[in-house]
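Novice: What follows is each chain in one-letter form.
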Amino acid sequence: EPEVTQTPSHQVTQMGQEVILRCVPISNHLYFYWYRQILGQKVEFLVSFYNNEISEKSEIFDDQFSVERPDGSNFTLKIRSTKLEDSAMYFCASKGRVDQPQHFGDGTRLSIL
Amino acid sequence: QKEVEQNSGPLSVPEGAIASLNCTYSDRVSQSFFWYRQYSGKSPELIMSIYSNGDKEDGRFTAQLNKASQYVSLLIRDSQPSDSATYLCAVKVGSSNTGKLIFGQGTTLQVKP
Numbered sequence: 400e401p402e403v404t405q406t407p408s409h410q411v412t413q414m415g416q417e418v419i420l421r422c423v424p425i426s427n428h429l430y431f432y433w434y435r436q437i438l439g440q441k442v443e444f445l446v447s448f449y450n451n452e453i454s455e456k457s458e459i460f461d462d463q464f465s466v467e468r469p470d471g472s473n474f475t476l477k478i479r480s481t482k483l484e485d486s487a488m489y490f491c492a493s494k495g496r497v498d499q500p501q502h503f504g505d506g507t508r509l510s511i512l
Numbered sequence: 034q035k036e037v038e039q040n041s042g043p044l045s046v047p048e049g050a051i052a053s054l055n056c057t058y059s060d061r062v063s064q065s066f067f068w069y070r071q072y073s074g075k076s077p078e079l080i081m082s083i084y085s086n087g088d089k090e091d092g093r094f095t096a097q098l099n100k101a102s103q104y105v106s107l108l109i110r111d112s113q114p115s116d117s118a119t120y121l122c123a124v125k126v127g128s129s130n131t132g133k134l135i136f137g138q139g140t141t142l143q144v145k146p
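So the protein sequences, as listed, match chains A and B. So the mapping is simple: the numbering used here equals the position in the first sequence, first residue as 1, plus 399. So the mapping is simple: the numbering used here equals the position in the second sequence, first residue as 1, plus 33.
Keep in mind the hints are simulated off the structure, nothing from the lab. Note that the structure is predicted; figures quoted are calculated from it, not measured. Treat each hint with caution, since some may be false.
Calculated lysine-lysine pairs in the DSBU-like style (CA-CA distance at most 30 angstroms, straight line) [unchecked claim]: (1) A/Lys494 x B/Lys145; (2) B/Lys100 x A/Lys482; (3) A/Lys482 x A/Lys456; (4) B/Lys35 x A/Lys456.
Only chain B is shown next, with the shape it has when bound in the complex (with noise of 0.2 angstroms):
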């Protein structure tokens, strides 16, 4: 069974603090990975993708990728009350040719002014 882990949280946060939220996965040969954020009631959107090993920067987003590890983390940087929501870590499972995503639970934040 192909499993993605995230911690719940909640994680909370100081307005203009960095957030760090990470992720663990299961199989071994996957090699796509994804950062959606969902407020409640609604749905999934895409804020990074990678791909390599590294880090992957996007506006007040990194994400990182460590393969060897399998661990993948998403950091906000300034954050601000608006990104308030769920993180959800999706994997493209490695043997599937048709790119199913298996999610974790997701990662509450929660941005305090």
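Okay, chain A solo, but in the shape it has when bound (with noise of 0.2 angstroms):
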């Protein structure tokens, strides 16, 4: 079965530097996600990506926040400068129609120092 693939799974960085995390969507997807997930705490929606723009953004998702599908295949998440506020596990989803539910990949542990 096709799955959302997310890349580093764990990612340790210091403070204030950018941080790059990757994921490949479910091929023939359309809709692509960012959602991020403070331990302990609930799944809370960071942004929306279609037809090669941000559909939606969440408060969480400010100027330090940016997203990119630069090859038709992977779909990124940047954040320029990270606080430990940032620490999270983030997850990537897609899904193919509007009406389609949204399949995660396994997350990438954030660890900021």
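Once you've looked at the hints, go ahead and assemble the two chains, each given alone in its own frame, into the complex.
Specialist: Following this line, the structure appears as structure tokens:
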């Protein structure tokens, strides 16, 4: 069964450094998402991406965050200058049609020191 | 603020029993509802989706939706120790064309052998 792939599985970064989290959504899916989950808390929506542009973003997704689909297969989340509070699990998700469920990748655990 | 509420548990049931997990949501126009299972440290895994009032069955799982009461539930029949996990209720926000999901806190289920 096709799946969403995320790399790396764990990223450790110094505060203030840039980090890029990578995702390969399921082939032929059209809608892409990033969510995050701080340890012990709810899964929170960050951003959705469709037709090569951001379609919706949350209050968390401020100017430090950006997303890109550089080559038609990868979908990346960049955090420009990381903060301690960015430490969380980051999940990429995708779906094929607007009425279909989202399928999640295994996540990247981001640890900011 | 659109909310999804779940009892965090833990809900403890003996092996072979029926586990009943409940969720309420605040956005009256929501049309799409999902149950995800999340093992500790892992990503959300889609269990069920439900879009219409009533029951939807898939194997040992039954999702129930009551839009008038803004209530969705998940029944797990013949519970197994491998069902022990956190079950996340997710609601697609009614006004969102992009399919943003709002998650509940999750209910931790413990199935005792």
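Novice: Which hint numbers doesn't this structure obey?
Specialist: 1 and 2
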